[in-house]
Amino acid sequence: MPQAEVMSIASPINLILASLFVVLLYWHFRPKPPVVLPRGPEPIVFRTYIPKTLIEFNGQGDRPVFLAVRGRVFDVTPGKNFYGPGGPYENFAGRDASRGLAHQSFDEEMLTKDLSAPLDDLKDLDADQLENLQSWEERFSEKYLVVGKLVAEGDPEAPAS
Amino acid sequence: MTDQPSLLRQLDAVLDSLVADWNIYTTIVAGIIAVFFVYSVISSKDPDVHPFLLARQSTGSPIRQPGESATYRSLETPHGFPLRLGLNVKDPGAPKWTAGRRGDLRDVWKAALRGSLNPDGTVAGQQGKIYTVLGKQAVEHSLSKVTQEINVIGRHLRESDVKTVAICLTDSVELLAAIFAGAFYGYKTIIVPHNFPAETLSAHLKHVQADALIAEAGSFDVSLVTKENKQLSVVLWVAKEGNRHMDWHEVPEGAKDNLEVSVWHELVEEQQDLAGMTVPEYDPSTPAPALNTVWPSSSQAGEFIDFQSENLVSAIAALNSALPRTQRFTSADLVLSIDSLARSYPLLQVMSALFSNASVALNSVAGEQVDFALATAGVSPTVIIASSRTMSNYHERIMQPHTGPISSLGRWMQSRTLEAGNMPSRNFFSQLAQIGPTAELSLDRLRLLCISHRVDGEASARLSSEQLTDLRVFTGARVVYALTGPGVAGAIAQTNVFDYRCCTGQSHFGAPLSSTEITLTGMSEANASDGLPEGQITVSGPAVVNGKTTLSSRGRISNDNTLELSS
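The listed protein sequences correspond, in order, to chains A and B.
Numbering-wise (the numbering used here), the first sequence opens with residue 1 and increments by one.
Numbering-wise (the numbering used here), the second sequence opens with residue 162 and increments by one.
There's no promise every hint is true.
[As the list claims (entries may be wrong)] Covered stretches of chain A, as calculated for chain B (at least 3 residues, CB under 8 Å):
hint, stretch
1, 12-25
2, 31-43
3, 139-153
Everything labelled a hint here was simulated from the structure, so no lab data went into it.
In this text, a Cβ means the ideal position worked out from N, Cα and C, and glycines have one as well.
This is chain A alone, in the form it adopts within the complex (with noise of 0.2 Å):
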């Protein structure tokens, strides 16, 4: 009897055509959540260092490099390959570089050996080694962040230890 298999509309067919069509509205019309960067890296603090804590970050290990300028405390650890161990500026990590910068001379003579002195004041310097160190200075700010500033133990700004 032909007419007996009257058209269904709940036929396996339909059913399976009908459900693909659900899903591909739900795929269409699906709440999508925004897209989320992960967050950068945390943003270091500016600190205030001595002689005796600057001396710590001389990229011994996996440790980041510092060295200061007039006071300014730069992160060179993107240059490690000069500023760090077995590089050719390697006396100036951790250290307040300004003399041997403004000599041009990478000796350790150039360094403060008491670390409990008071800064070096640069006062014999003459114009050229100035401007020796000015444009160190400025080539440091360029490429180099500052992270802190380096003050003489016992200074007022000195932190408490």
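Assemble the complex: chain A is given as a structure, and chain B must be docked to it using the hints.
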């Protein structure tokens, strides 16, 4: 071995029986699926802006001070570069490669008079117009007519040798003219909101030692003001059309003898032949005078904000550049301000519009709390500048109650498009969505809503993310939502015009403008490293009076580097 073929055969049989059931309904459903598939492929568009630009909207500085957050800046002005200082005005004849000047308000008016520019920088010369909306009708003023008024009023005040002029007017072309006259003729302008009682106005004038007052004729008891303010030497009345037959020259009792009283329209009529249609020549290196506004504070008197010309131009330039190139004001725009020009955000947006040669419409009822539908009648603007108070009132009283099931369906469809990052175009669904909520509005051309919120404004006026989506759907316009603060010209931060994301709760305020940078101060160092930075909002930059200000409100920088108010 026999297993596999039988499995295949079974599968074949199942498919056979499935397909055997194919009938007219199957064809219909298959047809619908095909149509839907084609529709979703055709209708899919790239979002208006790359989603990554919304996921991180400002950049934090790599260094922070102890007890403070990093300093956040607009993506336009990265760290290590100067913030936006000014309008970058290039004088004709200056060498091409030189940097432009910062400019001042005089350059804004000059640019408006010059007319629009072609894309290649040559002058096309299409000037904007200024309209004043009075109820349902709009009165048109040509810029050259306004220039005449600037010259007449400027000369009059210069001849009287005044240094500080208080302007107490409703939003009108006279208010704009008086401000520009101040820039060209070298007097300091104090914009005093017009709705103060005479006692407060008098106290304000005394506080700033104003020696001239421009006010609406008959709007307050002048003898009270002149009695208290002996330094006042000039009063200039602006008489409305209906009041012009009256004699406004009477010197009030108790005023000092040499008080000079005159009427704006009479001065203009008498002297317009002398005044000329061009602005006076000026030396751009001379500084333009300051402009003061009153920031409403808890005490009734309010607080005077002494904007220098540098603050203003920096904010004008930043407001302009905060909009992406395709969304900036152009000479085809008509910018309507329904927020009082006594507030810096609407004032500087209007200045930005004039600088971009857009037409400007001013409404005399404009203020922080106005009826949105009434205030926008009379003109068909493309851009509306309004306060958060006005918009949240409108949303609460009109939009929400009039959103029926049909509108809701339309809104839902449109908000899907918004979520995908596209501004829905005007189509069937937008008509559907707008049936109820905005039926009374005639905003066919509206494309942008600029909403500002005062940082110390009531919390109930703050707009939620949902409300901003409603505004986008129901008005068919993009929305920018800005945070303003005392001592900051223009705005502190403003949402990206393409940021349609709908989150729960109060909306954020986007990234700082390119004229400001934001640091949160007063953070406790203990929990500074984990979670979102939260602290008192400190704003610095060229748009800030004296370079830096700390606001009383606390804010938070959320995951997408946008500014939120904490409470």
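- Query: Which of the numbered hints are not met once you compare them with the structure shown?
  - Reply: none
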